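What follows is each chain in one-letter form.
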Amino acid sequence: MSDAKPKRLAIIASQGTLDWAYPPFLLASTAAAMDMEVSVFFTFYGLTLLNKDIKANVAPQTNPAMPMKMPFGPQGFQNIQWPIPNILANNIPGYETMATSFMKKTFANKGVASVEELREICVDLGVRLIGCQMTMDVFGFETEDFIDGIELGGAATFLEFAADSDISLFI
Amino acid sequence: MTDYTADQVLDCKGLNCPLPVIKTKKAIDAMDSGQILKMVATDPGSKNDITAWTARTGHELLSGGETDEGYVYFIKKK
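First to last, the protein sequences are chains A and B. Numbering-wise, the first sequence is residues 1 to 171 according to the working numbering. Numbering-wise, the second sequence is residues 172 to 249 according to the working numbering.
Since the hints were made in silico from the structure, they are not lab data. These figures come from a predicted structure and were not determined experimentally. Heads up, a few of these hints could be off.
[What the hints assert, rightly or not] Not everything, but these chain A residues come out facing chain B in the computed CB check (under 7 Å): (1) 26; (2) 93; (3) 94; (4) 98; (5) 106; (6) 109; (7) 110; (8) 115; (9) 116; (10) 123; (11) 126.
[What the hints assert, rightly or not] Simulated pairs of lysine-lysine, DSS-like, Cα-Cα distance not exceeding 27 Å: (12) B/194 <-> A/7; (13) A/104 <-> B/247; (14) B/247 <-> B/197; (15) B/247 <-> A/7; (16) B/197 <-> A/5; (17) A/5 <-> B/248; (18) A/5 <-> B/194; (19) A/104 <-> B/194; (20) A/105 <-> B/247; (21) B/249 <-> A/110; (22) B/249 <-> A/69; (23) A/5 <-> B/247; (24) A/52 <-> B/194; (25) B/184 <-> A/104; (26) A/52 <-> B/218; (27) A/52 <-> B/248.
We put the CB at the ideal spot given by N, CA and C, even for glycine.
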């Protein structure tokens, strides 16, 4: 516990959609609040989560089990799960944008923090946020694209921390 | 549940995971050792989460339970 060496959590964040943006920031911030040492390595599409402006969307077409519910109206209406066949969802222009705004609205209605807020909490609580240098080069990102206070590194940087961690997650 | 005289009260009503835990941590950090924080939440998950958080961090969960106010916790800073 508190007298012993702090527990360590090492996370690889590899996804850049809104739904997958939550787990790394949520777990990292909570672990830091539990006095753990936390590092998150952002690689491939996950690297976009370090952009100053997070533009993450949900991708309903790759999540057929995603419930489609309305974030407004009477409770009975909000509880309806709309059966939107995948073949239809894939072909409605703007469906992804709509689903994204519905998810953000629903999360806000339920008192869930935004991804940006959780990221701020991570920075505030001393979580190490490491951007993948190789991904930066491949996708053509510049250091100025990212929030302040992050580190840049590669696989070895992450593994050096993860080697002594108690929990390692690939998200 | 037992009531204690709180040095500080934290309202986490309407907030969902993990915000009650995060706000509790920040509130406790700003307090002195031995002081008591009263935290009120509406998130049913806070029952297990606050228990887990106090077990991990070493702060003492003096009492906790469901009241008319919501889920109420008294936590003593270590």
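Here is what the structure says about each hint:
{"no.": "1", "hint": "26", "result": "holds (6 Å)"}
{"no.": "2", "hint": "93", "result": "violated (32 Å)"}
{"no.": "3", "hint": "94", "result": "violated (28 Å)"}
{"no.": "4", "hint": "98", "result": "violated (23 Å)"}
{"no.": "5", "hint": "106", "result": "violated (11 Å)"}
{"no.": "6", "hint": "109", "result": "violated (10 Å)"}
{"no.": "7", "hint": "110", "result": "holds (5 Å)"}
{"no.": "8", "hint": "115", "result": "violated (13 Å)"}
{"no.": "9", "hint": "116", "result": "violated (14 Å)"}
{"no.": "10", "hint": "123", "result": "violated (13 Å)"}
{"no.": "11", "hint": "126", "result": "violated (12 Å)"}
{"no.": "12", "hint": "B/194 <-> A/7", "result": "holds (21 Å)"}
{"no.": "13", "hint": "A/104 <-> B/247", "result": "violated (35 Å)"}
{"no.": "14", "hint": "B/247 <-> B/197", "result": "holds (14 Å)"}
{"no.": "15", "hint": "B/247 <-> A/7", "result": "holds (22 Å)"}
{"no.": "16", "hint": "B/197 <-> A/5", "result": "holds (21 Å)"}
{"no.": "17", "hint": "A/5 <-> B/248", "result": "holds (20 Å)"}
{"no.": "18", "hint": "A/5 <-> B/194", "result": "holds (24 Å)"}
{"no.": "19", "hint": "A/104 <-> B/194", "result": "holds (21 Å)"}
{"no.": "20", "hint": "A/105 <-> B/247", "result": "violated (36 Å)"}
{"no.": "21", "hint": "B/249 <-> A/110", "result": "violated (32 Å)"}
{"no.": "22", "hint": "B/249 <-> A/69", "result": "violated (44 Å)"}
{"no.": "23", "hint": "A/5 <-> B/247", "result": "holds (23 Å)"}
{"no.": "24", "hint": "A/52 <-> B/194", "result": "holds (24 Å)"}
{"no.": "25", "hint": "B/184 <-> A/104", "result": "holds (20 Å)"}
{"no.": "26", "hint": "A/52 <-> B/218", "result": "violated (35 Å)"}
{"no.": "27", "hint": "A/52 <-> B/248", "result": "violated (36 Å)"}
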